[in-house]
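Visitor: Listed below, chain by chain, are the residues.
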Amino acid sequence: MTADVGVHAARRLRAPPWLWVPLLIVAAPLLGAAMGETPIPLSTVWQALANQILGAGYALDPIDQGIIWSYRLPRALVAGACGAGLAISGLVLQTLLRNALADPYLLGISAGASTGAVLVVIAGLGGGLVPMSAGALLGALAAFGLVVGLARLSGGGTSARGAAQIVLAGIAGSQLFNALTSFIIARSANAEQARGIMFWLLGNLSGVRWEDVGLALTAVVIAVGTAFWHVRALDAFTFGTQSAASLGVPVGRVQAALVLATAAATAVMVSITGAIGFVGLVVPHAARFLVGSRHARLVPVTALIGMVFLIVADVVARILVPGQTLPIGVVTALIGAPAFAVILVRARCAP
Amino acid sequence: MTGPILAALLALTAASAVGAQPTEYPLTLDNCGHQLIFPARPDNVVSIGQTTTEILYALDQADRMAGNSLWFNAVLPELQDQDAGVERISDNTPSFESVVNKRPGFVPTMFEWMIGAQGAVGTREQFADLGITAYVMPTDCHGKDNLVGSDGTRIAPFDIQTLWDSIGQMAIIMDAQDRGSALIADLQAREAAVVERAGAMNIPDASAAVWFSSAEMELDPYMAGGMGVPAWMLERLGLRNVVTSDEEWPTVGWETVARADPSVLVIARMDRRRFPADDVDEKLRFLRSDPVTSQMTAVKKDRIVILDAEAMHASIRLIDGLEALADAMNGLSR
Amino acid sequence: MTLQAHDIGLRVRRRSLLDGIDLTLAPAEILGLIGPNGSGKSTLLRLLAGLVRPDSGQVTLDGRRLDQMPRRQIARRIALVAQNAETADRITVRDAVRLGRTPWLDALRPWSDADEAHVARALARVDLAHLGDRDWSTLSGGERQRAHIARALAQNPQILLLDEPTNHLDIRHQLEVLDLVADLGLSTVIALHDLNQAMRCDRLAVLQHGVLTAIGPPEEVLRADILARVFGVQATVLIDSHDGSRLMRFQPIG
Ligand SMILES: Nc1ncnc2c1ncn2[C@@H]1O[C@H](COP(=O)(O)OP(=O)(O)O)[C@@H](O)[C@H]1O
Ligand SMILES: [Mg+2]
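Residue numbers (our numbering), protein chains in the order written: chain A, 1 to 351; chain B, 1 to 334; chain C, 1 to 254.
Treat the hints with care, as some may be off.
Derived Cβ-Cβ restraints for the label pairs, each shown as a range [unchecked claim]:
id	chain 1	residue 1	chain 2	residue 2	range
1	A	Leu101	B	Ile306	50 to 56 Å
2	A	Val345	C	Ser56	49 to 55 Å
3	C	Arg11	A	Leu23	58 to 64 Å
4	C	Arg11	A	Leu101	32 to 38 Å
5	C	Glu29	A	Ala172	48 to 54 Å
6	C	Phe250	A	Ala337	55 to 61 Å
Calculated directly from the structure, the hints in this document are not laboratory data. No residue lacks a Cβ here, since even glycine has one placed at the ideal position from N, Cα and C.
From just these sequences and the hints, can you work out the full model?
Guide: Next up, the structure:
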């Protein structure tokens with residue numbers, strides 16, 4: 001038996017992409033708007049959306065109306081953008097570094113973002129004028145700069161060895177920034193503050209409002225767009241960086257463009273929602289399992305799975321324990337780890 | 001629950017039965033399942049936690065104290081004189097050595113996460129090894145598992161008796177049983193009075209929620225859980241807490257709070273400014289501008305009660321808080 | 001189309017990997033590159049492919065400096081089959097060969113039937129047409145080597161650089177690859193280990209410690225004294241009575 005269960009599943013789904021891609025993009029956030037901490041009937045959800053979008057004028061409890069339009073919908077949109085952005089970042093890094101373990105967290109981006117956030121919130125950097133999210137963004141970019149610089153200095157480049165150097169530099173960078181975060185917390189926070197920041201560090205979408213939607217969508221469109229523009233170049237990395245270069249890919253420029261776009265997207269997501277693990281690592285593997293390794297299909301499918309995955313994870317986070325919301329990072333790990341295990345085993349069964 | 005007045009009376013007789021005798025040393029007593037032995041009246045007491053410190057002051061023990069620590073607010077005005085004579089070791093969590101350095105005969109604390117299995121200052125054993133007796137107020141160990149949840153998790157609802165026990169035990173340890181009995185009797189009388197006053201207001205099926213703070217203005221807020229001190233206060237005054245979590249201060253989404261639509265919203269006032277939402281004015285601004293919370297009945301009808309955060313701890317300020325809440329409700333019921 | 005190396009040198013951490021190499025690849029010529037392990041064959045091929053820039057001297061293609069040409073322009077003319085190019089990705093053989101079309105495609109010129117035809121032709125040339133839909137991970141070493149050559153052919157290059165392409169191949173496929181290379185009519189530089197096979201090249205270049213010690217027709221280069229000096233072997237020439245061709249036997253010296 002050729003074990004391509006996933007490919008078979010994909011064939012059975014052979015509705016034309018122009019039909020199901022937009023359908024998914026619309027349906028997934030609607031699911032996020034329909035399900036939340038408290039049960040609201042679907043008809044109410046529909047009427048609330050109709051009121052806002054079509055000006056339908058159904059008489060609704062303003063609290064229900066507000067919950068669906070002002071809390072749940074922007075939250076679902078940002079969750080979707082965040083899932084797509086993190087998944088694409090993971091895919092691009094895995095391809096460029098030829099490393100199945102690569103994801104934004106491996107490169108220390110989230111560790112740097114956490115350090116930046118802690119610096120602002122606890123150590124009072126910026127004197128209260130800098131919002132936590134701006135600190136996170138700066139921290140993410142600083143960490144990424146440091147990791148790439150370190151990789152360069154240690155001989156990272158277009159060689160096969162360079163890929164390993166980046167991974168090693170990323171691990172060193174993550175450790176450094178995690179240690180810095182712990183140091184800042186130990187230095188200037190008391191236990192209560194530490195709890196507050198831990199809450200955020202685990203990833204949290206509850207504070208998302210419409211103001212965040214524009215930034216998140218822009219970041220994800222840039223990241224996915226850049227990846228989509230470079231699908232052929234990404235394919236060319238199949239046999240390594242040198243092989244890509246010999247196929248005419250301007251390796252340095254392509255790497256810079258892709259890594260910058262995805263790193264910035266990751267930083268934006270981390271700054272809005274905190275650190276959400278597992279998406280960047282697991283989703284690209286799931287997508288490969290479904291549609292194979294060619295990026296023309298892998299890029300859009302990865303983005304879509306990432307979007308749906310995080311929206312669903314956020315719904316689960318809100319309904320799993322009634323009256324209480326779990327950190328979404330916990331849910332992504334709870335769903336992601338077993339899913340990853342299944343993929344690993346299935347992929348091994350493949351000839 | 002039996003009638004609150006009856007309960008208060010029972011507690012009163014229990015307290016007075018212990019009172020009025022000098023303590024005999026060596027003294028052996030049970031503290032949260034640990035046996036403590038005091039060979040003599042302790043000196044150089046170091047207190048960890050504002051509540052513990054203020055109880056010791058109220059028992060007139062300032063002259064036997066070598067230090068205090070872990071402050072949340074300014075000391076009660078009527079205790080300022082006592083406080084002036086005691087060294088403040090640390091505003092926050094004191095280090096183990098800074099406590100031990102005072103050669104204390106007695107180290108009481110209000111929180112098990114300060115001295116306990118995962119104590120931020122140390123474990124009971126660490127203190128015992130140096131011949132120092134550590135003590136955790138029964139308010140924080142009875143009916144509570146401090147190893148679960150970020151602020152601990154309640155196994156049973158808060159019981160005011162644990163506060164009377166805390167005061168009574170510290171009074172026995174310090175050989176101040178007269179002061180202890182008087183303090184307890186006074187607080188119990190005030191509790192009985194305010195409960196009676198609230199009952200007379202006769203508010204039918206009123207519900208409430210207590211907002212402490214939020215890590216970021218729009219993040220899920222920290223609300224008072226279903227079994228903690230604020231829940232006890234609401235219950236005493238005939239209000240139903242819409243939050244039912246067993247955690248002390250769980251995060252609960254605004255969606256859940258808004259849909260429960262409590263008739264009264266209690267918000268905490270505090271001196272600390274860790275998060276923007278620590279500020280009462282910021283809390284009010286958010287409640288009135290957010291598209292959802294602004295639609296809540298309590299916000300629209302301005303049934304928002306501002307309460308000192310300190311009055312939400314199991315402390316001698318608890319009855320102050322109860323009275324303040326009743327006063328505010330009195331205003332609302334009109 | 002001529003590829004030339006002008007006095008090129010490359011140093012890594014003060015160690016000289018290549019030094020003073022002068023080389024001209026004539027049109028349609030097959031130039032064999034021989035030398036012991038570590039003598040610099042792969043490094044020289046990387047420089048000739050423009051993947052690594054020399055520290056001194058320069059590589060030119062029809063007189064234009066390679067380091068001043070866009071990558072894509074180079075890749076349309078020069079294809080390299082490297083020594084150890086592997087992947088853990090799940091791709092089919094045809095997909096791997098399709099990668100060869102990369103330098104000919106861009107946003108304005110998407111994949112077309114012509115590209116598919118190039119791929120089919122390349123697969124047929126290396127006798128892999130029947131394995132086009134097989135998963136890469138299921139191929140034998142020899143099949144992978146041929147697929148790599150097919151990928152290089154799909155680039156439609158005028159110059160082919162092959163780094164020990166007969167490694168991993170059984171003897172029949174070794175001979176087939178060499179026949180194939182000879183039939184292609186492309187200018188080719190081929191690094192080889194088997195000196196008997198090297199004899200089929202138009203010219204041979206001998207590398208030792210990064211220096212070109214001899215270059216010329218095989219019968220001039222594969223002399224006993226050079227082989228003894230460069231490879232440390234004693235060579236005995238035999239004549240095949242079947243067709244009168246020269247064969248060599250080797251024994252270690254000392
Ligand atoms: N990037 C590099 N850094 C340092 N030394 C290298 C590098 N690449 C190759 N070398 C060294 O250069 C020499 C020539 O290597 P190579 O060209 O692979 O030889 P060949 O292909 O003839 O076996 C070897 O000694 C090898 O160790
Ligand atoms: Mg080699």
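Visitor: Against this structure, judge whether each hint is valid.
Guide: To see whether the hints hold, each was checked on the structure:
no.: 1; hint: Leu101(A) x Ile306(B): 50 to 56 Å; verdict: holds (52 Å)
no.: 2; hint: Val345(A) x Ser56(C): 49 to 55 Å; verdict: holds (54 Å)
no.: 3; hint: Arg11(C) x Leu23(A): 58 to 64 Å; verdict: holds (59 Å)
no.: 4; hint: Arg11(C) x Leu101(A): 32 to 38 Å; verdict: holds (34 Å)
no.: 5; hint: Glu29(C) x Ala172(A): 48 to 54 Å; verdict: holds (49 Å)
no.: 6; hint: Phe250(C) x Ala337(A): 55 to 61 Å; verdict: holds (57 Å)
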